[in-house]
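Participant: Once you've looked at the hints, dock chain B against the given chain A.
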Amino acid sequence: MVELLARAWDLGWPIMVMLVGLLVYFQATIKDPERKKRATFQTLIGILCMFLVLIAVSNYTHNFENDPGKLPISLVMITSMAFIMGLYFVNISALMKIGGFMFFVAAALSGYGNWLPQVEGGFPPPVVKLDFQSMSPQQLGDEGEKIIFGGIGQSKTQGAIGKGQCPLCHGFQKGFLSERAPNLFNIPARASEQLKAPTYHMNDAAARNTEQKESFEGSGTATNAQEYIAESHACPSCFVVPGFGVKGSNDTVSPMPRIHKPPISLQLGELAAVDTWMYTREGVESPGYDAIVASYEKFIPEADRPVATEGDEEGKGGNMLVDGSESHDDLFMGAGCPACHTIPGIEGATGKVGPELWEGTNAPKRMKDAGYAGKAKTTKEYITESILDPSAYVVTDFPDNQMPKDFGLKLTGGALSKIVDYLAALEEGKPLPAKE
Amino acid sequence: MGRLFTPMTRGKKRFSAVTALIVAGVFLTLPIILSVTAMAGGGGGGSAGGPPPEVLEQRKAAAAAAAEAGESVEGEAVKIETGRDVYYKTEGPAIGMPAPITADNETFYPRYNFESRVLLWVANQQHLYYGSFVLAVPIFCMCIEFAGMISKDKAMAKKYDQLAYDFIRISLTAYSLTAILGGILIFTFLTLYPAFFGYLSGIFRPVMHIYALTFVAESGVLYIYYYGWDKMREGVLKWVHLSMCVILNVIGTVLMFLANSWIAFMMSPAGVDEQGRYLGNIWHVLHTALWNPLNVHRILGNMAFGGGVVAAYAAYRFLSSNTDEERAHYDWMGYIAMSLGVAFLIPLPFAGYWLMREVYAYRQQMGITLMGGLLAWLFIIQATMIGILFLTTNYYLWQALGRMTGGERFQKYIKYLVFILVVGLLVFITPHTIVMSPAELKAMGGQQHPVLGNYGVMSAKNGGINAIIMTTILSFIWYQRGNKVPTVSWSKFGNIFMGCFFVVAQINNIALAVYGYFIPANVRIGLSVPQVAGTLSCLLLMTPLNLAMLKGGRQLGPIRWGQIPPRSQYAIIMLATAFTWMMGLMGYIRSSVRLFWHVNEVMRDNSPWAYTHTIGFAANVISFNVLFFWISIMFVFWLGTLGAKKVVIKGPVSEPIPAGASPQPATSH
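Residue numbers (the numbering used here), protein chains in the order written: chain A, 1449 to 1884; chain B, 69 to 737.
Just chain A, same shape as in the assembly:
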């Protein structure tokens, strides 16, 4: 509170001084006691109101990034100011009362928004290269569970969701109500049954009543359970389970996106992992990586198969930026730190977006800061925390959310350790640490 008042004073002390000067001027120039009394009173009210505005502005600028939950305080301050002005300045009374009321409504709605549970949508999932082909069925199944539910063991957590986004519509547990799309419990066994459905038209795609008869010209229909699963993923509208079509389409079009296309864009290896999980969780032996991939190749033309290219990685989160084997200059440059930070001793590291990284000096001070809410106890822990969770503590005068939050996915353990060691050794007034 004291800090808030001090910041408000720093922000607008010249205005306050001017108002006080005005007060003195009135005392000296107004002779009529009644008028002088009124002018004095109104100026004092004006000073109070101006200070409330300064508190509001100071709170807003300080907490906009750091603690948005406190922003309604500004609105309450301005509301109070408006009502006080409305009471004592008759000529602008209506305007101030209306303004105060509007600020009150806005403050209430902002407060309501901040009171509700805060959910933040994360960054898009990074593209990570994994060698699915060399994995065991168990490992492959685990990766599949991650893709579907976001983590190993998450399949039993209601609401858990991964890159594949499948649980948005599909149910996976026995008896679970699945209204938007078929429940996929026991799908490996049931897939064979679906092939025999009269509307499926195995080996006769042209006879289908769906808008899209086959995945691409000449791809044909599935002939076994695995191919049925692959076709359902690659071409959901080729066969629509009765009752699950787009409303009004009479089950001729599926609402499901093609899984190898945006927004999901699973690669063949990832699809193999997903399918493997659906087998292994039933205790059924999967057909194996190659057979699953072959089933998808039947329905996804080569040109349409998503691959993790170098460009993707750069633009979408990608693989490791650096692995720690680089020289210090290359290490920092590769990780991208110099774009925003000035790092003493690192060539070209003169960025001004973030703070200068004298971390050997800065870290101990910041950990003692009243506003520090992180968990670090040592300088190195603080630096590690700042890299992996930049919002844990945001240096004063620098905005939050500027620094990417996914360095944990982009730096190897060795690279992180090397960066932390170097930064921890940077102390103002002392020689720079040795570089490789």
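Hints listed in this document are in silico derivations from the structure and should not be mistaken for laboratory results.
All of these numbers come straight from a predicted model, not from anything done at the bench.
Yeah, the Cβ is synthetic: ideal placement off N, Cα and C, and Gly gets one too.
Keep in mind that a hint or two might mislead.
[Unchecked claim] Mimicking SDA-like on lysine to any residue, the simulated pairs with C-alpha atoms at most 25 angstroms apart in a straight line are:
#, chain 1, residue 1, chain 2, residue 2
1, A, K1800, B, P262
2, A, K1611, B, T158
3, A, K1611, B, Q432
4, A, K1813, A, H1510
5, A, K1611, B, A171
6, A, K1518, A, W1563
7, B, K222, B, Y294
8, B, K157, A, G1668
9, A, K1518, B, F696
10, A, K1709, A, A1751
11, A, K1709, B, R658
12, B, K157, A, R1753
13, A, K1746, A, T1647
14, A, K1611, B, M439
15, A, K1518, B, S660
16, A, K1661, B, K157
17, A, K1823, A, E1833
18, B, K157, A, V1694
19, A, K1709, B, T158
20, A, K1518, B, V186
21, A, K1746, B, K157
22, A, K1800, B, A171
23, B, K619, B, F478
24, A, K1709, B, M424
25, A, K1800, A, C1788
26, A, K1611, B, S660
27, A, K1611, B, Y679
28, A, K1622, B, Q432
29, A, K1709, B, M439
30, A, K1709, B, L442
31, A, K1611, B, K619
32, B, K480, B, F569
33, B, K157, A, T1700
34, A, K1518, B, L442
35, A, K1746, B, M424
[Stated by the list, open to error] Some chain B residues judged to face chain A by a derived CB distance under 10 angstroms, without partners named:
#, residue
36, G441
37, L653
38, F685
39, V689
40, S691
Facilitator: Relative to the frame of chain A, chain B by itself:
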């Protein structure tokens, strides 16, 4: 002025004025006609929306080189690649450039030491607020001026005319501010999101030019309409004047539809292939899956918003009035504006349902993200806001009953309406399935709350909002009856019939709400149809029936315009503020449903801000936008009062004002 001229001179002047208007109209619409022709012909030298001619030439040269090198070249087919439309699934020549693959750097996302997305958000929202206002007001003017023209009561006719003039005068100052904000918005796009804006303007190149020219036409017609008010106040010229307003609204609507096509394209792209290459069909690019529902939703939203802003202006003038005449005038103005706003607010949820249905049809995931996923909590706020809007409307109507002799008959029943409204609101805002973290799920023991989870299903929520709307309709019917008693021979039957109709509609609504708990969810969704049908029947059958019963009815006394408690004006302010806030909220929801895509599934957002903010952060920015808008529009209002100093509002001071007829307006501008 007219009296200075002989009839002959007057006739000549009229002829000259009409001729001048026709010439002006042709001049103003000429650029648009020429642009449309150019667009239909492929946008001149290059294809519409495609790359510049030199790029096409380069491609042709490359294809020719490939042909010379002996590659398999067969005529024209290889010169321009074909692509498949991501929405229409049609094949077309891929003549546009692919959507750029951006990266988080200064080239693609130049930035200040602040979040670019928030800067753009503020610029966009301010432009939208002003744009909505200046597009809505001429529609009101058209309706009110027409009402004045067909009115047989000369006093009323003048009063309506003055009101329409007051409306357009307010919007005129706002109009230039809209243009300035539009410029700021474009500069913000160009400087902070150059790659994205470059791509979008590449696709919409001809549309953007037409948009700019339409804006010129809109300005021209608006100025003629406003400055020609006094010159064209009698006879045929008055009809010409009204026609100008019709043209103004047609142009304004086209303007809005064109701007809507850009955001619709960003949400549900069409006319491009998977790489984002334009395929030569500009209609496909415009006519995307969500364009039409967005258009309808925005027209209604603009009208409700515009009504709210004008009503707030009237409330401000009412509260700062020094005379009874002024208070009477602005009380009446506020009532008309608020009534128009609420009239468009009532169908707005239905337009919203249509939009959501189309969203689900386009991408089910998008619908789930909105209604049951990441953004679901924002819809809880929206439900609360809708409840607030209806509660406030009812409160205003109950206050307004107080200025009617005979209105006190209904006061004793208001507490029952309050009860229904509050219960309806509580049911309406109770969530059923909510987004939670695994820890919260564990703490709660499941996705549904142990107590509240038993409630809040869709049919019950529909029951809640329908009960609220029905109660509002009843309040309005009581208001209509405030100072009147029906005298038609069948009035007793009519009253019983109306009473039974409301009771049966409410029982039907509540019974279906409860029945929804006993049937599966996919069947339950269907219950909304009979529930809404009951509410619409009350609106569309009972309101006209009430008017028919009141025709020639006995008047218990006058409407004492201006004699309404000041708190009623705060209800109007509340309504206007809440609507502005809700507009900001829904705009944020619509925009953020794209998640990490600039153009859904075509151009990915790789900026540092490709994540969705928390609800609290969004609420704070929305509040900032709302207050910024209201502070600036207050300034506009103040400018409006500077121009209005000359206007003398005349009206009876001490005598009661006859019902529905006074106060007397100003007679010149």
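Participant: Give a verdict on every hint.
Facilitator: How the hints compare with the structure:
no. : hint                 : verdict
1   : K1800/A with P262/B  : 22 angstroms, holds
2   : K1611/A with T158/B  : 29 angstroms, violated
3   : K1611/A with Q432/B  : 16 angstroms, holds
4   : K1813/A with H1510/A : 20 angstroms, holds
5   : K1611/A with A171/B  : 21 angstroms, holds
6   : K1518/A with W1563/A : 11 angstroms, holds
7   : K222/B with Y294/B   : 22 angstroms, holds
8   : K157/B with G1668/A  : 20 angstroms, holds
9   : K1518/A with F696/B  : 19 angstroms, holds
10  : K1709/A with A1751/A : 12 angstroms, holds
11  : K1709/A with R658/B  : 23 angstroms, holds
12  : K157/B with R1753/A  : 19 angstroms, holds
13  : K1746/A with T1647/A : 21 angstroms, holds
14  : K1611/A with M439/B  : 19 angstroms, holds
15  : K1518/A with S660/B  : 23 angstroms, holds
16  : K1661/A with K157/B  : 14 angstroms, holds
17  : K1823/A with E1833/A : 8 angstroms, holds
18  : K157/B with V1694/A  : 17 angstroms, holds
19  : K1709/A with T158/B  : 17 angstroms, holds
20  : K1518/A with V186/B  : 18 angstroms, holds
21  : K1746/A with K157/B  : 21 angstroms, holds
22  : K1800/A with A171/B  : 20 angstroms, holds
23  : K619/B with F478/B   : 20 angstroms, holds
24  : K1709/A with M424/B  : 23 angstroms, holds
25  : K1800/A with C1788/A : 5 angstroms, holds
26  : K1611/A with S660/B  : 18 angstroms, holds
27  : K1611/A with Y679/B  : 15 angstroms, holds
28  : K1622/A with Q432/B  : 23 angstroms, holds
29  : K1709/A with M439/B  : 24 angstroms, holds
30  : K1709/A with L442/B  : 22 angstroms, holds
31  : K1611/A with K619/B  : 64 angstroms, violated
32  : K480/B with F569/B   : 21 angstroms, holds
33  : K157/B with T1700/A  : 15 angstroms, holds
34  : K1518/A with L442/B  : 23 angstroms, holds
35  : K1746/A with M424/B  : 36 angstroms, violated
36  : G441                 : 7 angstroms, holds
37  : L653                 : 9 angstroms, holds
38  : F685                 : 5 angstroms, holds
39  : V689                 : 9 angstroms, holds
40  : S691                 : 4 angstroms, holds
Checked against the numbered hints above, the structure breaks hints 2, 31 and 35 and satisfies the rest.
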